[in-house]
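One line per chain: the protein sequences are G and H, in this order. Position in the first sequence counted from 1, then plus 13, gives you the numbering used here. Position in the second sequence counted from 1, then plus 5, gives you the numbering used here.
Because the hints were derived from the structure by calculation, they are not lab data. This structure is a prediction, so every number in the text was calculated from the model and none was measured. Beta carbons are placed, not taken as given, at the ideal position from N, Cα and C, and that holds for glycine. Heads up, some of the hints might be wrong.
Claimed, not checked - Derived DEER-like restraints, expressed as beta-carbon distance ranges:
1) H/Leu577 - G/Leu36: 56 to 62 Å
2) H/Leu626 - G/Asn67: 26 to 32 Å
3) G/Phe74 - H/Asp599: 39 to 45 Å
4) H/Gly78 - G/Val78: 54 to 60 Å
5) G/Val94 - H/Leu626: 50 to 56 Å
6) G/Tyr18 - H/Leu626: 31 to 37 Å
7) H/Gln608 - G/Asn67: 44 to 50 Å
8) G/Leu36 - H/Gly631: 19 to 25 Å
9) G/Arg38 - H/Val585: 24 to 30 Å
10) H/His638 - G/Glu85: 32 to 38 Å
11) G/Asp104 - H/Ala601: 26 to 32 Å
12) G/Leu36 - H/Glu582: 22 to 28 Å
Unchecked claim - Example chain G residues on the side facing chain H (calculated, C-beta under 10 Å, incomplete):
13) Arg39
14) Pro41
15) Met44
16) Met46
17) Leu50
18) Arg101
19) Val105
20) Leu108
21) Leu110
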Amino acid sequence: MIPAYAYLWLSGILFTIGAVGVLIRRNPLVMFMCIELMLNAVNLSFAAFSRYLNSLDGVAFAFLVITVAAAEVVVGIAIIVQVYRAGRAMDVDELDLMKE
Amino acid sequence: MNVDTFAALVLVLPLAGFLFNALLGRMVPRRVVGWVGAGSVGVAFVFALGVLSYTIDGKLAVIPFFTWWASGGFNVPFDLYIDPLSTLMILVITGVGFMIHAYSIGYMGEDPGFSRFFAYMNLFVFSMLLLVLAGNLVWLIIGWAGVGLCSYLLIGFWYQRTSAVLAARKAFVMNVIGDIGLIFAAFLIFLNLKTVDYVVLFGGTHGPTQLLSYASLPKGGTIITAIGLLLLVGAVAKSAQLPLHTWLPDAMEGPTPVSALIHAATMVTAGVYLVARMHLLYDWAPIAAGTVAVIGAVTALFAATIAVVQVDIKRVLAYSTMSQIGYMFLAVGIGAYTAGMFHFMTHAFFKALLFLAAGNVIHAFHDEQDIRKMGNLRRGLPITFWTFLVGTLAISGAPFLSGFFSKDQIIHAALTMGPAVPLLGLIALFTAGLTVFYMFRLFFIAFGWEWLPDDPRHLHEAPPVQTVPVIILAGFAIIGGYIGVGGFLQPVLGTTAEASPAELLGLAAVTSVVALAGFLLAYRLYARDPAAAAAITARVRPVYTLLWRKYYVDELYDRLFVRPGTALGRFLDEIFEPRVLDGFIDGLVLGIGDLADDWRHFQTGKVRRYALWTLGGAALLTAYLGYTLLRTHAL
Numbered sequence: 014m015i016p017a018y019a020y021l022w023l024s025g026i027l028f029t030i031g032a033v034g035v036l037i038r039r040n041p042l043v044m045f046m047c048i049e050l051m052l053n054a055v056n057l058s059f060a061a062f063s064r065y066l067n068s069l070d071g072v073a074f075a076f077l078v079i080t081v082a083a084a085e086v087v088v089g090i091a092i093i094v095q096v097y098r099a100g101r102a103m104d105v106d107e108l109d110l111m112k113e
Numbered sequence: 006m007n008v009d010t011f012a013a014l015v016l017v018l019p020l021a022g023f024l025f026n027a028l029l030g031r032m033v034p035r036r037v038v039g040w041v042g043a044g045s046v047g048v049a050f051v052f053a054l055g056v057l058s059y060t061i062d063g064k065l066a067v068i069p070f071f072t073w074w075a076s077g078g079f080n081v082p083f084d085l086y087i088d089p090l091s092t093l094m095i096l097v098i099t100g101v102g103f104m105i106h107a108y109s110i111g112y113m114g115e116d117p118g119f120s121r122f123f124a125y126m127n128l129f130v131f132s133m134l135l136l137v138l139a140g141n142l143v144w145l146i147i148g149w150a151g152v153g154l155c156s157y158l159l160i161g162f163w164y165q166r167t168s169a170v171l172a173a174r175k176a177f178v179m180n181v182i183g184d185i186g187l188i189f190a191a192f193l194i195f196l197n198l199k200t201v202d203y204v205v206l207f208g209g210t211h212g213p214t215q216l217l218s219y220a221s222l223p224k225g226g227t228i229i230t231a232i233g234l235l236l237l238v239g240a241v242a243k244s245a246q247l248p249l250h251t252w253l254p255d256a257m258e259g260p261t262p263v264s265a266l267i268h269a270a271t272m273v274t275a276g277v278y279l280v281a282r283m284h285l286l287y288d289w290a291p292i293a294a295g296t297v298a299v300i301g302a303v304t305a306l307f308a309a310t311i312a313v314v315q316v317d318i319k320r321v322l323a324y325s326t327m328s329q330i331g332y333m334f335l336a337v338g339i340g341a342y343t344a345g346m347f348h349f350m351t352h353a354f355f356k357a358l359l360f361l362a363a364g365n366v367i368h369a370f371h372d373e374q375d376i377r378k379m380g381n382l383r384r385g386l387p388i389t390f391w392t393f394l395v396g397t398l399a400i401s402g403a404p405f406l407s408g409f410f411s412k413d414q415i416i417h418a419a420l421t422m423g424p425a426v427p428l429l430g431l432i433a434l435f436t437a438g439l440t441v442f443y444m445f446r447l448f449f450i451a452f453g454w455e456w457l458p459d460d461p462r463h464l465h466e467a468p469p470v471q472t473v474p475v476i477i478l479a480g481f482a483i484i485g486g487y488i489g490v491g492g493f494l495q496p497v498l499g500t501t502a503e504a505s506p507a508e509l510l511g512l513a514a515v516t517s518v519v520a521l522a523g524f525l526l527a528y529r530l531y532a533r534d535p536a537a538a539a540a541i542t543a544r545v546r547p548v549y550t551l552l553w554r555k556y557y558v559d560e561l562y563d564r565l566f567v568r569p570g571t572a573l574g575r576f577l578d579e580i581f582e583p584r585v586l587d588g589f590i591d592g593l594v595l596g597i598g599d600l601a602d603d604w605r606h607f608q609t610g611k612v613r614r615y616a617l618w619t620l621g622g623a624a625l626l627t628a629y630l631g632y633t634l635l636r637t638h639a640l
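Take these sequences, add in the hints, and give me the full structure.
Structure below.
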C-alpha cells in the first residue's frame, strides 16, 4: 500500500504549483486553472486522510469542495467571457477598475 | 332599574355629553350644546340620587363590567365601587357640577369656544366620577390623570393668553409630580399586598384590616408609612397643599366656572377623597397620617395669611380654598374622616356659590378682578350681593350655617385627637378667625358697606341662568350643615368619638367669639376706617410684602428648580452638545476618514497582489498553527 505521506507530498506539490501559478500568471483563464489545481490538491489530501483514518468525512468534504469549485467557475468564467467581449486585454494587471 | 344601571348611567352620561359636544358641538346651535352639557350632568345627578337610595343604609356594591387586562396574578377589572363615601362624592360632583354647568350657559354664552368649553367640562366631571367610582387603584389613577388633563385644558382655555398657557402648564407639571407619587404608592401596595382592588384591600364595607396584618406589614412599619407618604404626594399635588400648591392661585387664569368646578366639586377634593378612601392604610401608618394632618394645618394657616392681603377677588377665593382643603386634610389626617368629608360637602356648596357670585361681579365690571375697583354692589347686583354674603357667612362658620357645623367638628377633633394635641387644633382655631377676617375684608372692599344713592356705573345684575344656580347653592350653604353626613358615612369610615353636647356648646362659643373677633376687625378696618387699614399696612410693610409675594414660594421654586433647569438645558444645548457630543462624533468620523485614507492604498485592484497577500496570510496562519501543534505535542 502506498503510504499516506506520499499522497501528502503530492498534494503539497500540486498546491504549490497552483499557488505559484496564481501569483505569476496574468491570464485570468490560466489563473482559474491554477485555482482548480489548488482546490484539487486539497481534495487529494482529504481523500488520502479519509482512506488513512478509515472515515468518510474527508471524502464528503472533498465533494463539498468540488461543488463550491464548480459554482465558482460558473461565475468566474461568465465574468471572463464578458470582459473578453468588452474588448479588454486578458491581463489581470490591466483589469483594475474595481479599486475605484 | 337597580343600582347597577344607576351607577353606570352616572358615569356614562357626562362621557356621552363630552363626546357629543366634542364631535358635534360646532354643528349644532349653542342652545343645544348648553342643554347637552349641563343636562348630562343634571341627569347624572338624578341617577346619583338613585344610587343614594341603595347606599343610604350603608350598603356596599361592587359592580363588575369587564376585565380590562389580566396578567398572571394581576387582574385589572373595570368595576364600580359603590359605598356611602363614593355616593357622597358623586352627589356633590354631579349636583354642584350641574349648578356650575347651568351657570356656564350664561357666563360663557358669548365665548367663541362655547362647545369646546362644555366638552372639557363634561370630560372633567366624567374623570372625577371615574376617580371616585373606580373599584381599584388602576382606574383611580386613570381618573386621577384625566382630572389633571382636564384641569390643564380648562385653565388654559383662553389659550390666546400667555399667562393662561403658563398657568396651565404649571398646574400640569405640579399634578404630574403628584401622579408619580400616586403611581409609586400603587406599585408598593401591589408589591406588598398583591392586589390593587378595594374589595380585597378593605374587605368590603365592614372589613377588618386583615390584609394588612396578613401581609405581615407591622403597624407603623417602613413600607406602610412609605405607601401613606407616597399617596400623600399625590393628594398634596391634586389638592394644592404645601409644598405643591403654587398651581392653584395661577389656575385662576381659567374662566370663573372652571375655578368653581376645580375648587368645589372636582379636582382639589380628590386628595381628601384619596386619604379618606385609603383610611385603613392610614390607620395603619400613624406617621403618614400625622404628616397629612400637619400639612393640612400648616397649609390652612399659610393660605389664610396670604389671602389677607390679596386684591384679586378670585385669588382670595383660591387661597381660601387652599386653606379650607387644609382643614379637610387636617381632619382626615387625625382620623376624623367623617368630619373631613362633611366639610368637603359644605365647602362644595359655599365655595361654588362664592365663585359663581364672584363671576357675576366680574362680568358686571367687564372682566375686572381687582376688588379695590369694585364696591357698592348692593343696589346694582342685589341677588349677587346677598348670596355672596350668605357664602361669606357660611365659610366664616356663622352659627347655624353649614360651615359652622363642619368646621367646628374639625376644630373639635383637632383639639382632642391626633398628633400634637392641641397645637393643630389651636392653629385651626386661629385660622378660623383669620378666615372670617379675610372673607369679610373681601366682602367689604368688593361689595361695599355704604349704600350710594346714585351709582354712576349702572351695574347690571346677571341674567337668571346665572343667578338661580347661585341662589340654590346659597340655600344649600344655609341648610347643608343639617345633612347627616356623619351617620351616612359611618359604615365606611367608622365613628369618631362623639363630643358631648356641653363640649360642643363650649366649642361653639369659643369659635363664635374667634369668628366675631375676625369680623369686627375686618369691619373696623375695611368698612368703617379704611385709612387705619392703610396705616397698619404701612407699619408692617415687610410682613405685608412677604404675604403679598406669597412667601416667595414661586421665587424659591424658580431659583431651586426652574433656573437650574433652564441653565442645565442651556449648558447641554450650547456647550455639551456642540462641543462634547458633536466633538466626539466628528472626531470619530474624521479619525475613520484618516484611517481609510491611509489604508486605501492597499486597494490597488491588482488581483495578483491580493492573491499574494492572501497566500502570505495563509502561510503565517499555517506556520502559527503548526508551531502550536508541534509545541503541544512536544510537551
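Earlier hints that do not hold, by number: Hints 5, 6, 9, 12, 16, 17 and 18 are the ones this structure does not satisfy, whereas the remaining hints hold.
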